[in-house]
Amino acid sequence: MSGFNKVVNSYEEAMAGLEDGMTVIAGGFGLCGIPENLIAQIRKMGTKELTFVSNNCGVDDFGLGILLVDRQIKKMISSYVGENALFEKQLLAGELEVELTPQGTLAEKMRAGGAGIPAFYTATGYGTPVGEGKEVREFNGRKYIMEESITGDFAIVKGWKADTYGNVIYRDTAQNFNPMAATAGKITVVEVEEIVQPGELKPTEIHTPGIYVNRVIKGSFEKRIEQRTVRQS
Amino acid sequence: MSGFNKVVNSYEEAMAGLEDGMTVIAGGFGLCGIPENLIAQIRKMGTKELTFVSNNCGVDDFGLGILLVDRQIKKMISSYVGENALFEKQLLAGELEVELTPQGTLAEKMRAGGAGIPAFYTATGYGTPVGEGKEVREFNGRKYIMEESITGDFAIVKGWKADTYGNVIYRDTAQNFNPMAATAGKITVVEVEEIVQPGELKPTEIHTPGIYVNRVIKGSFEKRIEQRTVRQS
Amino acid sequence: MALSREQIAQRIARELEDGFYVNLGIGIPTLVANYIPEGIEVMLQSENGLLGMGPFPTEDEIDADMINAGKQTVTAATGASIFSSAESFAMIRGGHVDLTVLGAFEVDVNGNIASWMIPGKLIKGMGGAMDLVAGAENIIVTMTHASKHGESKLLTNCTLPLTGAGCIKKVLTDLAFLEIKDGAFHLKERAPGVSVEEIIEKTEGKLVVPEHVPEMTFA
Amino acid sequence: MALSREQIAQRIARELEDGFYVNLGIGIPTLVANYIPEGIEVMLQSENGLLGMGPFPTEDEIDADMINAGKQTVTAATGASIFSSAESFAMIRGGHVDLTVLGAFEVDVNGNIASWMIPGKLIKGMGGAMDLVAGAENIIVTMTHASKHGESKLLTNCTLPLTGAGCIKKVLTDLAFLEIKDGAFHLKERAPGVSVEEIIEKTEGKLVVPEHVPEMTFA
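Chains as they are written, first to last, in full-length UniProt numbering: chain A, 1 to 233; chain B, 1 to 233; chain C, 1 to 219; chain D, 1 to 219.
Chain A with its partners taken away, still in its complex shape (with noise of 0.2 Å):
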């Protein structure tokens, strides 16, 4: 077997050395995108004290949100949280820190991360609260604030199709954090719709190298929908 390839058979494997205390990055934007079964399995697992660098923190009783129910989550990091009742309640209990870090601010530290990039300046939340105690530096006329990268101990991503390799890509708005979370996890783990052979993706149009990608498993997925909005045919 090649020492390229990356296929777990269970999701208890999937998640094999995590711990509690960890760091873990997670992709998705809402609902959408995200690694639900690997947040079952830290769900079924009890691992305590983590913090997750994730945009949103699910709802009630989907996605990240689960994690609430035993206490599990320490901080989050996220531009927007609180589509659920318990995340409020531990909220305002002082049981759950939460740091509030703008959208594209949130992206780009994922991406600095996994680049090897320990820090970068952007305008974005010079002279909010965002801003309080980083420090502000001008360039050509303008003022900027230096944010830091951030790496996890795991990173759990939702892709569409990997092959064997770990090479990924995904489908549609599904995208969102994933790619960056991918690059930021000391172990990064995938669990995609369809797994195949290395050679079957086109080389251009993976979206994640399979460099970045520790273990992949193949899953199948509710993909609950936040927001149904139709028109009429």
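In short, the hints are calculated from the structure, not lab data.
In this text, a Cβ means the ideal position worked out from N, Cα and C, and glycines have one as well.
Treat the hints with care, as some may be off.
As the list claims (entries may be wrong) - Here chain B is said to cover these stretches of chain A; the calculated rule only asks that three of the stretch's residues, wherever they fall, bring their Cβ under 8 Å from a Cβ of chain B:
{"id": "1", "segment": "44-56"}
{"id": "2", "segment": "129-136"}
{"id": "3", "segment": "139-148"}
Said to hold, decoys possible - DSS-like mimics (lysine-lysine), calculated; alpha carbons at most 27 Å apart, straight line:
{"id": "4", "chain 1": "C", "residue 1": "206", "chain 2": "A", "residue 2": "143"}
{"id": "5", "chain 1": "B", "residue 1": "75", "chain 2": "D", "residue 2": "169"}
{"id": "6", "chain 1": "A", "residue 1": "202", "chain 2": "B", "residue 2": "186"}
{"id": "7", "chain 1": "B", "residue 1": "218", "chain 2": "A", "residue 2": "202"}
{"id": "8", "chain 1": "B", "residue 1": "223", "chain 2": "A", "residue 2": "143"}
{"id": "9", "chain 1": "D", "residue 1": "124", "chain 2": "B", "residue 2": "223"}
{"id": "10", "chain 1": "B", "residue 1": "202", "chain 2": "A", "residue 2": "218"}
{"id": "11", "chain 1": "C", "residue 1": "206", "chain 2": "B", "residue 2": "186"}
{"id": "12", "chain 1": "B", "residue 1": "161", "chain 2": "B", "residue 2": "202"}
{"id": "13", "chain 1": "D", "residue 1": "169", "chain 2": "B", "residue 2": "143"}
{"id": "14", "chain 1": "A", "residue 1": "44", "chain 2": "A", "residue 2": "89"}
{"id": "15", "chain 1": "A", "residue 1": "143", "chain 2": "C", "residue 2": "169"}
{"id": "16", "chain 1": "B", "residue 1": "89", "chain 2": "D", "residue 2": "121"}
{"id": "17", "chain 1": "A", "residue 1": "186", "chain 2": "D", "residue 2": "169"}
{"id": "18", "chain 1": "C", "residue 1": "181", "chain 2": "A", "residue 2": "143"}
{"id": "19", "chain 1": "B", "residue 1": "48", "chain 2": "D", "residue 2": "169"}
{"id": "20", "chain 1": "C", "residue 1": "124", "chain 2": "A", "residue 2": "48"}
{"id": "21", "chain 1": "A", "residue 1": "186", "chain 2": "B", "residue 2": "74"}
{"id": "22", "chain 1": "C", "residue 1": "124", "chain 2": "B", "residue 2": "186"}
{"id": "23", "chain 1": "A", "residue 1": "75", "chain 2": "C", "residue 2": "121"}
{"id": "24", "chain 1": "B", "residue 1": "161", "chain 2": "A", "residue 2": "202"}
{"id": "25", "chain 1": "B", "residue 1": "223", "chain 2": "A", "residue 2": "134"}
{"id": "26", "chain 1": "B", "residue 1": "202", "chain 2": "A", "residue 2": "223"}
{"id": "27", "chain 1": "A", "residue 1": "143", "chain 2": "B", "residue 2": "134"}
{"id": "28", "chain 1": "B", "residue 1": "143", "chain 2": "D", "residue 2": "206"}
{"id": "29", "chain 1": "C", "residue 1": "181", "chain 2": "A", "residue 2": "75"}
{"id": "30", "chain 1": "D", "residue 1": "170", "chain 2": "B", "residue 2": "143"}
{"id": "31", "chain 1": "B", "residue 1": "186", "chain 2": "A", "residue 2": "143"}
{"id": "32", "chain 1": "D", "residue 1": "169", "chain 2": "B", "residue 2": "74"}
{"id": "33", "chain 1": "C", "residue 1": "170", "chain 2": "A", "residue 2": "74"}
{"id": "34", "chain 1": "B", "residue 1": "75", "chain 2": "D", "residue 2": "124"}
{"id": "35", "chain 1": "D", "residue 1": "124", "chain 2": "B", "residue 2": "134"}
{"id": "36", "chain 1": "B", "residue 1": "202", "chain 2": "A", "residue 2": "161"}
Since chain A is already given, all that's left is putting chains B, C and D on it; use the hints.
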């Protein structure tokens, strides 16, 4: 005609507005994926005192090298230059300025320029001549230098296919610096081998979204090979 | 009379130009898409990673992998591109979006905007709003001119925590269209039947009123 | 006897592990690809934007759009991915490449490396070398132990402008395999028939020599 139709029909139109003293960011690696006809047009226009940001400077009679003949280039920002005799002559005579920049830093400077990030930190070049005069800062016990981003008055890019809206895909390793260059020009001009209708490129396979592109032109290309290496079949 | 939500959207739509890439915030800004003038094409950018947002899907077209930044199911328009959040905010932060329309709680004479946080209330987060206001050259803020209790939202200094500093140049309220420059609101247009006096009364920050203030007209 | 180019490549190849992503510099490092041990698969990263570099093309397969970092025509291996220069150096700078092999003019006891610039000679540029040495955890430098005039290239302090500071831990010369730690070269192996005395004589920087220095063997 749609306001999104970026197609121009002559190289004069493609490079209209280029003036003496401007900065031009060019895609390409060696002679691979270079905007050869846009470069030829600049030669024809005779524009002078140009600063080029490009990984290389072509060869004697092809690529950016042809702009040396009439001394159109004032300065090169590149990671590797001097594959041609004229370059060496002008450099030694002090007629040409070169700012050598590590290849990865150069790629990131272009990306940052297009992405509104004025500066970032990298370990690349710390403790070397590249780091001299640059701010040094420690993150997690390691030393990094601050590098500022680059933008250009023009970006000249070689794509494979574009639709009329300016969405571009690149072919194989002719991608290289082109996607970053495309984001970093005030006016971005893309020459391609084929222009297709909007909707013909799959949304998730587009490498450069049309929002970055101002003009698209169809060209025909020599695609010269620098190092022809073969194996016996 | 104060503008309706639809009239606000209609008025904003007049700021659109052919070939604009536009980001529309949640709420009233979203309605702008319904009033794009004849002969003008715009492409809608949705910050979760879609350039070229189409209409809502039909029942048959619904796809959980195809949503907008408001988490609503959408379709892709012809010529759309789909990309990562990092790429999406590279576009936004890099100033490539031609127009951003978003709501706010307060704006002030220095172009500051507060739109995401009311101390004492639960804070849900800023989402992409801080990136949008920091990245765009051309922003229209839309909001009611005053609170239900008659307190002005166009201030000398924002009282709420900011979303962005010194970045707003155009405000459309239910009463007026104003530009912000040189430390003042400049009254440009008033809603049909709304008096200059009412606007003066409901604007706490410095207001510059020209001799003639045209009334907006709606078909 | 000093190692041949092929023997150097063979010895480096023994450092490969199954599943390694490897960047091979121009020159001798490129030859390593010819000696990948049985039962081991590696993927070659080429910094112009190719992960999974295959062999040179046949005459029929030659394609100007398919080159490696040495600007040679190449092919893509099965399972390859192709991407931009920014993505390629994100991989490199981010430490995702398992092994980097490159040449040098000098290395010193502090892990400094000089490989790109000889003052007074024409400077062509560093290409990707500075990114490669700054980004990789695991680097093997390969070079001759001494110049043609017998001057050591394993120094107390590099004399030429650096490519990277404090980043080199392993050096393979034509005479020996050495590790750099705690401010010294540690002699690990010697070329067949090369005496420890010769290595001591040709190493200017502090050299730690263990009691027994095994001789490399080649099939």
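Evaluated hints:
1. 44-56: violated (count 0)
2. 129-136: That given contact is violated, which follows from only 0 residues of the segment 129-136 of chain A lying within Cβ reach (below 8 Å) of chain B.
3. 139-148: holds (count 5)
4. C:206 with A:143: Between residue 206 (chain C) and residue 143 (chain A) the Cα gap is close to 25 Å, so the pair holds against 27 Å.
5. B:75 with D:169: violated (37 Å)
6. A:202 with B:186: violated (32 Å)
7. B:218 with A:202: Within the cut-off at roughly 25 Å; holds.
8. B:223 with A:143: violated (44 Å)
9. D:124 with B:223: Cα-Cα ~23 Å, so holds.
10. B:202 with A:218: holds (25 Å)
11. C:206 with B:186: Violated, at about 36 Å.
12. B:161 with B:202: holds (12 Å)
13. D:169 with B:143: Holds. Residue 169 (chain D) to residue 143 (chain B) sits at ~18 Å (cutoff 27 Å).
14. A:44 with A:89: Between residue 44 (chain A) and residue 89 (chain A) the Cα gap is close to 22 Å, so the pair holds against 27 Å.
15. A:143 with C:169: Roughly 18 Å between the alpha carbons, so the hint for residue 143 (chain A) and residue 169 (chain C) holds.
16. B:89 with D:121: Given pair residue 89 (chain B), residue 121 (chain D) holds - Cα atoms ~13 Å apart, limit 27 Å.
17. A:186 with D:169: holds (22 Å)
18. C:181 with A:143: holds (19 Å)
19. B:48 with D:169: Violated. Residue 48 (chain B) to residue 169 (chain D) sits at ~47 Å, over the 27 Å cutoff.
20. C:124 with A:48: holds (23 Å)
21. A:186 with B:74: The given pair, whose Cα atoms are some 45 Å apart, is violated under the 27 Å limit.
22. C:124 with B:186: Roughly 36 Å between the alpha carbons, so the hint for residue 124 (chain C) and residue 186 (chain B) is violated.
23. A:75 with C:121: holds (20 Å)
24. B:161 with A:202: At roughly 16 Å apart (the allowed maximum being 27 Å), residue 202 (chain A) and residue 161 (chain B) satisfy the hint.
25. B:223 with A:134: violated (48 Å)
26. B:202 with A:223: Since the Cα atoms of residue 202 (chain B) and residue 223 (chain A) sit roughly 22 Å apart, the hinted pair holds (cutoff 27 Å).
27. A:143 with B:134: holds (19 Å)
28. B:143 with D:206: Roughly 25 Å separates the two Cα atoms, so the pair holds.
29. C:181 with A:75: violated (41 Å)
30. D:170 with B:143: holds (21 Å)
31. B:186 with A:143: holds (21 Å)
32. D:169 with B:74: Violated, at about 41 Å.
33. C:170 with A:74: violated (41 Å)
34. B:75 with D:124: The given pair, whose Cα atoms are some 14 Å apart, holds under the 27 Å limit.
35. D:124 with B:134: holds (22 Å)
36. B:202 with A:161: Since the Cα atoms of residue 202 (chain B) and residue 161 (chain A) sit roughly 16 Å apart, the hinted pair holds (cutoff 27 Å).
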